[in-house]
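Novice: Sequences are here, hints too, so could you generate the full structure?
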Amino acid sequence: MKRSMRIGCGAGFQGDRFEPAVVLASQGGLDWLMLECLAERTIALATLQRVRDPEAGYDPLLDRRLRTLLPQLKKNGVRLITNMGAANPLAAGRRVAALARELGLDMQVAVVSGDEVSRHLHPGIAVMETGAPVTEVPDIVSANAYLGAESLLPAIQTGADIIIGGRIADPSLAVAPIMHHFGWRLDDWDLLARATVIGHLLECAGQVTGGYFADPGKKDVPGLAHLGFPFAAVDADGSAFISKVPGSGGLVTLATVKEQLLYEVTDPAAYITPDVVADFTGVRLTDLGGDRVHVTGGRGLPRTPTYKASIGYRAGWLGEGEISYAGANARARAELAAAVLRERLEDELPQVRYDLIGINAAHRSDFGANIEPYEVRVRVAGLCVTRAEAERIGWELESLGTNGPAGGGGFRRSATERIGVVSALLPRNLVHTDVTVFGAHIDADSQTLADI
Amino acid sequence: MKLHDIAHARAGDKGNTSTLSLIPYKPQDYALLCREITAERVKAHLAGIVVGKVTRFECPNLPALTFTCEGALLGGVTVSPGLDPHGKSLSFALLEMRVESD
Numbered sequence: 001m002k003r004s005m006r007i008g009c010g011a012g013f014q015g016d017r018f019e020p021a022v023v024l025a026s027q028g029g030l031d032w033l034m035l036e037c038l039a040e041r042t043i044a045l046a047t048l049q050r051v052r053d054p055e056a057g058y059d060p061l062l063d064r065r066l067r068t069l070l071p072q073l074k075k076n077g078v079r080l081i082t083n084m085g086a087a088n089p090l091a092a093g094r095r096v097a098a099l100a101r102e103l104g105l106d107m108q109v110a111v112v113s114g115d116e117v118s119r120h121l122h123p124g125i126a127v128m129e130t131g132a133p134v135t136e137v138p139d140i141v142s143a144n145a146y147l148g149a150e151s152l153l154p155a156i157q158t159g160a161d162i163i164i165g166g167r168i169a170d171p172s173l174a175v176a177p178i179m180h181h182f183g184w185r186l187d188d189w190d191l192l193a194r195a196t197v198i199g200h201l202l203e204c205a206g207q208v209t210g211g212y213f214a215d216p217g218k219k220d221v222p223g224l225a226h227l228g229f230p231f232a233a234v235d236a237d238g239s240a241f242i243s244k245v246p247g248s249g250g251l252v253t254l255a256t257v258k259e260q261l262l263y264e265v266t267d268p269a270a271y272i273t274p275d276v277v278a279d280f281t282g283v284r285l286t287d288l289g290g291d292r293v294h295v296t297g298g299r300g301l302p303r304t305p306t307y308k309a310s311i312g313y314r315a316g317w318l319g320e321g322e323i324s325y326a327g328a329n330a331r332a333r334a335e336l337a338a339a340v341l342r343e344r345l346e347d348e349l350p351q352v353r354y355d356l357i358g359i360n361a362a363h364r365s366d367f368g369a370n371i372e373p374y375e376v377r378v379r380v381a382g383l384c385v386t387r388a389e390a391e392r393i394g395w396e397l398e399s400l401g402t403n404g405p406a407g408g409g410g411f412r413r414s415a416t417e418r419i420g421v422v423s424a425l426l427p428r429n430l431v432h433t434d435v436t437v438f439g440a441h442i443d444a445d446s447q448t449l450a451d452i
Numbered sequence: 453m454k455l456h457d458i459a460h461a462r463a464g465d466k467g468n469t470s471t472l473s474l475i476p477y478k479p480q481d482y483a484l485l486c487r488e489i490t491a492e493r494v495k496a497h498l499a500g501i502v503v504g505k506v507t508r509f510e511c512p513n514l515p516a517l518t519f520t521c522e523g524a525l526l527g528g529v530t531v532s533p534g535l536d537p538h539g540k541s542l543s544f545a546l547l548e549m550r551v552e553s554d
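So the sequence lines, in the order shown, correspond to chains A and B.
For the first sequence, this note's numbering gives the first residue as 1, with consecutive numbering after it.
For the second sequence, this note's numbering gives the first residue as 453, with consecutive numbering after it.
Since the hints were derived computationally from the structure, they do not count as laboratory data.
Every residue, glycine too, gets a C-beta built ideally from N, C-alpha and C.
All the given hints hold, so there is nothing to weed out.
Partial chain B-side listing against chain A, Cβ under 7 Å, derived:
| no. | residue |
| --- | --- |
| 1 | Ile475 |
| 2 | Gly500 |
| 3 | Pro533 |
Specialist: Below is the structure:
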């Protein structure tokens with residue numbers, strides 16, 4: 001039986017902190033490090049950048065995130081897998097290979113491409129949210145399939161130090177290295193489900209080690225300013241323990257692991273990824289103490305015949321404005337400000353919403369608390385068709401400075417283009433992925449392994 | 453008492469659906485949550501937030517409940533004009549629910 005393997009997660013979103021990955025790479029005893037940096041909409045924005053510049057469209061923090069990380073990965077023999085390629089994995093691969101050369105590191109990069117599927121959209125494919133033909137979505141800017149372990153394994157098998165792709169299902173960033181390590185097959189459904197549980201627990205990085213968790217007095221977390229990121233020590237039967245580097249901030253307990261296990265899960269008995277349909281309801285957790293939680297169980301059903309694709313489209317412009325009122329009668333002055341704005345805007349822009357931050361903005365309700373806060377911030381916002389309409393919202397708010405209730409201050413306004421995202425299911429046979437290897441020690445720029 | 457006294461929660465988003473977990477601090481309170489915190493009561497409590505259907509799932513292995521709340525995110529994170537487009541704070545809206553102890 002093969003020895004256990006360790007995989008850590010050094011980023012859970014595009015703008016995540018840099019240093020926890022370096023701590024993991026240098027002190028985590030890892031075999032693999034995953035970096036999950038690609039939200040649903042990010043790839044659409046990246047696609048727009050690639051249209052303007054053919055060498056752009058990958059993660060804008062790629063250089064900064066990897067510059068300090070690569071030497072530690074090389075020194076400690078840790079392999080990296082990431083979706084930082086975003087809308088341009090090949091350009092990202094070239095850039096990382098160049099960065100490694102610059103740093104004097106002999107490292108190979110394998111790029112997984114083929115998630116871009118916009119040319120395969122046809123009227124027979126329905127939008128999941130509406131049921132309408134996908135071709136009726138206006139102003140489509142991108143369409144990317146969530147690739148799974150099957151597409152990543154050929155890249156891993158090249159032996160490259162760094163695996164870079166674009167749209168990849170988050171848990172698959174862990175499933176593929178775990179499968180490769182233990183030699184599992186693509187239809188070992190129970191094992192793939194267990195690896196998916198592990199990947200799902202790791203994919204948001206700090207969210208399983210005490211991030212997005214603290215509630216002072218109820219759920220206290222030590223050292224949030226220096227939160228340690230997680231790793232999983234995985235055994236050949238797909239069980240694992242989740243932990244973090246000793247001395248780093250945060251904690252790993254049954255409570256942190258339960259919250260993350262269920263995070264963004266719709267049906268816990270059928271968590272669908274490109275690799276498997278995983279049933280989380282048989283997962284058993286045991287607190288081993290010392291920030292270690294053992295994870296076992298979990299069953300798998302065969303994968304679905306489709307890939308999920310996310311489709312980005314131009315959804316209009318969001319106009320926003322905010323202004324604060326404080327001290328005596330703050331709530332009444334804020335309510336008056338909102339009423340004035342409504343009178344001036346609602347005929348032309350009926351979709352605009354009026355929120356009182358401090359009272360009802362986050363939950364659209366105060367659940368009967370009916371408090372009189374010391375300060376209240378008025379927020380006005382609406383999604384508009386044109387930029388001019390969106391800008392009108394902030395202008396109206398700013399005009400309250402000289403035309404509105406007493407003591408209004410702290411104006412902020414903005415108008416930003418929004419990229420919407422819808423989903424569709426694509427037959428698997430429409431998606432073809434490739435692997436391209438870039439090597440720091442290879443003279444030629446690249447060597448293509450076509451149709452692996 | 454409030455749910456916040458006996459349980460913790462985490463909110464996630466999938467399109468225009470908010471996913472809310474509900475986890476008792478003490479496993480023995482799971483039965484109370486199963487009995488009291490039905491999908492119908494959650495839908496009524498979150499009436500100002502959730503436009504669509506609320507579905508409850510049971511995870512006795514943890515133990516925990518999860519709720520999928522459809523139409524809860526003003527169109528979803530990418531197009532929402534709301535202050536909290538992901539609905540990250542909605543876990544604490546759920547924890548505002550009143551529950552009678554055994």
